[in-house]
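Those protein sequences? They're chains R and X, same order as listed.
Every position in the first sequence, counted from 1, becomes a number in this note's numbering once 113 is added.
Every position in the second sequence, counted from 1, becomes a number in this note's numbering once 113 is added.
Please keep in mind that the hints were generated in silico from the structure rather than gathered at the bench.
Be a bit skeptical, because a hint or two may be false.
Copies of the same chain are indistinguishable here, so a pair counts whether it falls within one copy or spans any two.
Said to hold, decoys possible - In the SDA-like style, the derived pairs of lysine to any residue whose C-alpha atoms are separated by at most 25 Å in a straight line are: (1) K276 with L198; (2) K345 with D304; (3) K178 with M340; (4) K345 with V293; (5) K333 with D216; (6) K178 with M132; (7) K220 with D334; (8) K269 with M156; (9) K345 with R261; (10) K333 with D181; (11) K333 with A153; (12) K276 with R227; (13) K220 with E179; (14) K178 with T160; (15) K178 with E265.
2 protein chains.
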Amino acid sequence: MEKQFDQHISRQFNQELEMLRQDVMAMGGVAEEMVRDAVAAVMEGDTAKAQRVIDMDDQVNEMEKEIDEQSTMILARRQPTASDLRLVLAIIRTVNDLERIGDEAEKIARLAVRLADVDRPRGNYQELENMGNTVRGMLHDALDGFARLVPETAVKLVREDEKVDVEYEGLLRQYYTYLVEEPRNTSRVLDCIWIARSIERIGDHAKNIGEYIIYLVEGKDMRHATMEEMEKTISDSRS
Amino acid sequence: MEKQFDQHISRQFNQELEMLRQDVMAMGGVAEEMVRDAVAAVMEGDTAKAQRVIDMDDQVNEMEKEIDEQSTMILARRQPTASDLRLVLAIIRTVNDLERIGDEAEKIARLAVRLADVDRPRGNYQELENMGNTVRGMLHDALDGFARLVPETAVKLVREDEKVDVEYEGLLRQYYTYLVEEPRNTSRVLDCIWIARSIERIGDHAKNIGEYIIYLVEGKDMRHATMEEMEKTISDSRS
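Looking at chain R on its own, in the form it has when it is part of the complex (with noise of 0.2 Å):
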C-alpha cells in the first residue's frame, strides 16, 4: 500500500483513501463476528447470541452505506485514477459482498432461533460447524488478503470455496437422505438445508472478495476466470 500512496501529492487525499480502507476492515470485522456467532449459536442453542447477530445486520447496512457515500464523493471530488480508482471501485464491490455475508449471518441466526425450541439430533449439527468454520476461515483470508494486497489469496480462496462446494454437495445428499427416512423431522432438515445454503454462499462471496484484491493489484477484471487463469495473470505480472 506504501508504495502507491507515495505517488500522490495530496497528503488529505492520501488520509482518506486510508480512512476508507480501515473502514472497510473495520466492516469486515463485523461480518466475521455475525458468521461466527450465527454458526455458534446453531450449535449452542443460544438464542441470545442470535438475536446479537440478527440485531448487527443494521449496523453492517449502515456501514455499507456509509462507505459507498464516501466512495462516492472521493470519486466526486477527487477524481482519482489508475490504482487509486480500481481501489475505490474494489471497496464498492467488496462492502457490497460484505452486506451480503451480514444478510446471510442474519438468515442462519433466524434459523438458530427456530432449531433452539427443537430436539437436537444425534449429530448436534457438527457438519454445519465444520463447513461454518472453512467459510469463516475463507473470510478472513478474503480481508487479510485485501488489506496487504496478497493477489494469490484469490487462488487460495477458489480452492477452497471448490471444497466447501463438494463438503455442500455431500450435507445436501445426506439430508436429502433424512428427509425421506424421518418425515416427521422435515422441519428441522430443512432449516439444515437453509443453514448450510448460507453458510455455502458466505464461501461465494469470500471468494469474490479475493477476485477483487487481483483487479486491485493487477487490474485485471478476475470474475468468472478460472483458476489457472488467476494463476497466469498473476505469475505474468511477476516476469
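Once you've looked at the hints, dock chain X against the given chain R.
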C-alpha cells in the same frame, strides 16, 4: 435523460453515456429472456430450451464485464460528477444485479433439465409459473423505470416484492406438506423449492434496481429503506 445531457459540453461524452445505457438495456433484455425461458423450460419439460438458458449465462457474464470496463474507463477519463457520476455508479450496481438474475435463471434451467426426466405432478408446476410471471414483470418494470428515470417504479417494485415474498412463504408451506406426506417425491419437491427460491431472489434483484433509480434521480441511497421512506423522498423532491 435529455435535460441532464444538455449540460455537457462534450458530445462524445454524451455518446459514451448513451451507449453505456443502451448496453445495460441490452443486458437487461437478455436477463429477461433468460428468466422467461427458464420458467417456460420447467413448465414444458423442454431441455433444449433449458440448455439455451444455461448457455446464455456466459453471455450475461461477459456483458457485465464489458459494461464494468466501459464504466471504469469513463470514470478515469471523464471524471464525471453529480448526476453523471450517479448514472455510472447506478449502472455498475444494476449490471451486478442483472448478472445475479442471470445466475438464478441458469440455476432454474439446470433444475428444469432434471425435472424433465421425472413424472410431472398434478398441478404441472402452475404455482411456479405464476410466481415466475410476477418477477419477470418486476424485472421488466425495473428496466423500464431505469430507462425512463421514473423513481416511482421503486415503490411499485417494493410492493410487488412483498407480494412475491408472501407467495413464496405460502409455496414453501405447501411443499413442506408434500415432503411430509409423499416422501417418495422428496427429490422433485426439493427441486421445486430451489426453483421457488431462485424466483424469489430474482424479485429481490429487480427491487434493488428500483432503488438505484431513486439514487440516480434523487441522489438518495434507498437500500434497506422502507416503502414509506421511498415515497417521502420522491414526494419531498417534487414539492
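For which of the previously enumerated hints does the structure constitute a violation, in increasing order of number?
-> 1, 2, 4, 8, 11 and 14
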